[in-house]
Amino acid sequence: MRLNKIILSFVSALVILFSTSVASLAKVVGDKIILGAAISLTGKYSSNGVHTQNGYNMAVDRINSMGGVKVGGKTYKFDIIYYDDESNPKRAAQLAERLISQDGVEFMLGPYSSGLTKAIAPVTEKYGVPMVEANGASRSLFTKGYKYLFAVLAPANLYLDVAIETAVELNGGKPVRIAQAFEQDAFSQDVRLGILDAAERTGSKIIIDDKLPKELNDMAATLVKVKQMKPDVLVVSGHTKGALTAIRQIAEMKVDVPMLAMTHCDAAKLSKQHGKNSQYALCASQWHKSLTYKDDFFKDGMTYAADFEKEFGYDPPYQSAESSAALLVFKDAFERANSFDQKKVRDALAATNMQTFYGNIKFAPGGQNVDKPMVLFQVMCDASGSCENKVVAPLKWASAKLIHPIPKWSER
Amino acid sequence: MDFLVFQYPMITLQACLDGILLGVLFALIAYGMALQWGVMNIINIAQGDLVILGGYIAYFMYLYGIHPAWGVIVAPVIMYFVGIAIYKLVINKVVDRDLFISILATFGISILFMQLMNFAFGADVVLANSGYGTTMLFDNNVVLPNSKIFSAFISIVFAVCLVIYMKKSKLGRAIRATAQNARAAKILGVDTEKVYAATFGINAALCGVAGALISITFTIHPYMGLPYTIRSFMIVIVAGLGNLPGVAMSGMGLGVFEEFADYILGTEFRIGSVFLLLVLILVYRRFKLSRKREYLK
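Residue numbers (the working numbering), protein chains in the order written: chain L, 1 to 412; chain A, 1 to 297.
In short, the hints are calculated from the structure, not lab data. The model shown is predicted, which means the values in this text are computed figures rather than measured ones. Built from N, CA and C at the ideal position, the CB exists for glycine as well. Be aware that one or more of the hints could be misleading.
[Claimed, not checked] Okay, derived cross-link-like pairs now, SDA-like style, lysine to any residue, Cα gap no bigger than 25 Å in a straight line:
1) L:K214 to L:N88
2) L:K211 to A:I230
3) L:K269 to A:A120
4) L:K408 to A:N140
5) L:K230 to A:M136
6) L:K90 to A:F113
7) L:K272 to A:N140
8) L:K276 to A:N146
9) L:K272 to A:D124
[Claimed, not checked] Which chain A residues stay away from chain L? Per the calculated CB distances, all over 12 Å, these:
10) L89
11) G131
12) C161
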């Protein structure tokens, strides 16, 4: 009996200790709003994971130094608990669970990549934790009826359909022949769906539709077909590997195609790694520093880029910019909700309608941002061989005129 | 299914040439694997990761302004010592053990290498530009990047040198003797410990050469090693151990097979078709063995 009592008191002591430790770590401690984020700091997404984290940190510092978040007449500062998800979806889901049930986090920031966001979203949804994410663009994230997921970026299916519309426009409104090669992952396949929609809308025909493996490092077969069938547009999406492999092999095999559109040129540092060979490639981007959106915290894209470079020593890729924007959205929602009640904050997020340096933000019922179009830039090189990305579409922000068709290799 | 490859003879030719050039490179990696498998009875799962590490050596030379082609000389030298170090630290403890233990050990090395490379070099996909240009054949209908031709040529040079070395040199003879019967070789005064270390070093050096060539022709990334391990395993399984012409032929055969699978089934089935072929060959071998057994009965 005595032993039972000892065990019972030991267990209850543990329970009390555990519950108090959870309480002490809850969402708002003193003047701090604690957000949670599982980010890929190691593993295959670590480069972009670090871009994401830098974006978050930059915004936290900026918002805190400019007065913080005002809720209920009191000023709060942001703080983030980070965990490394090792680029592994299972680990990301576990960490989301841990952030919520052990660390007591009540508001989350998204991880890097659609795959990891897909793993985390069911967890945040289960606990009713609002999550603002900046790096999961897959369309399937927004068709599941999630109520607590909000993405500041445009969905993947919108990445390259501007390219098809532009090609049709340049073709005098007549349909074009499209060749496409997409990696077999959630994101690239969504980009593909967007192209299929655009093709149907414009009456264009898809003449090559290749799927690339995850271990992709050779797409010679696709390019041989492109050489033979001479499409009007070649669309490639396979993350950084896809962009680098395509440019290398297109240059080596001297594949002539009037328009080449791709994703991830930024992340692949295309113009740096391939120099003049990457010239004329059209790239889809969520953001470019030359866009003229404005806000009170970062002013505009150019100022953001300069400040970011000063702090982290490199030009910000769009992954960082959109991550910073996620914090601005949270701040705005907390202040409008004027409360830390998760439901109220969720409703405030759903009603977001604001402009940030990154773009306009307004969420559709599915959680995706519907107020920010994608931009297309083209890699342009000068005679000395130094290359730059210039926005060419939509026309409102174009800083250079699209060069079309791409000059033949024999004429370069 | 797409039979475009058979409709235009030029595409058929292109696929064959691409496949052969690729296959020669695979054969070089597989030769290293066959050598060490034959001598030490170790299946090295980290083979592909050694290849990628070799690729990074060439890539860093390229970053520092040295032409990456010099990587085919520098990478094997560095990788030889990396191989010896791996042998001394891990492999010598598992060399006489069960095959399963060695697979586990090299699997561990593979994971460690991936993470270390990711930590040291970052997760970006990188490549080294050779600036070698392109060879156009048949009125520009068949296109061969010179970097692929260079890779195949260097692979052949290294393979030939290695064959001569194994035949003529003292160490080569010791390696072959150990492969035939380690115990007998030991009794006859061969220091098998040294032979094992050298064999693992030579294998790592071959991986280094192949890696440098891959950084010139394709792309490298810390997590891209496994497909190379699988391909070399496949080639060795088909060719059998200690059968160099077999390794070369099955390497090229696999290269051509992959290219055709790519054209006919689609790029997404490229690696899958290699697996399928592996399964078919293993089943066939088993079938052949069981018939032999029946005959013996």
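Results for each hint:
1. Annotation: proposed proximity of K214 of chain L to N88 of chain L holds, straight-line Cα distance about 15 Å (limit 25 Å).
2. Simply put, K211 of chain L and I230 of chain A have alpha-carbon atoms about 21 Å apart, close enough for the 25 Å limit, and the pair holds.
3. Annotation: proposed proximity of K269 of chain L to A120 of chain A holds, straight-line Cα distance about 19 Å (limit 25 Å).
4. Restraint check: the Cα-Cα separation between K408 of chain L and N140 of chain A comes to about 14 Å, which is no more than 25 Å; the hinted pair holds.
5. Our distance criterion of 25 Å between C-alpha atoms is met by K230 of chain L and M136 of chain A, whose separation comes to about 18 Å.
6. In summary, the hint linking K90 of chain L to F113 of chain A is supported, as the alpha carbons are separated by about 22 Å, within the 25 Å threshold.
7. For the hint pairing K272 of chain L with N140 of chain A, the CA-to-CA distance comes to about 29 Å; that exceeds 25 Å, so the pair is violated.
8. Using a Cα cut-off of 25 Å, the hinted pair K276 of chain L and N146 of chain A holds, with the two alpha carbons roughly 18 Å apart.
9. Taken as a hint, the K272 of chain L and D124 of chain A pair is honoured in the structure, with Cα atoms around 13 Å apart against an allowance of 25 Å.
10. Even its closest Cβ contact with chain L, about 23 Å, leaves L89 of chain A beyond 12 Å, as expected for a residue assigned away from the interface.
11. A beta-carbon of chain L is positioned within 12 Å of the beta-carbon of G131 of chain A; the least distance is around 10 Å.
12. No Cβ of chain L comes within 12 Å of the Cβ of C161 of chain A; the nearest lies about 27 Å off, and the non-interface call holds.
Violated hints, listed in ascending order, are 7 and 11; each of the other numbered hints is respected by the structure.
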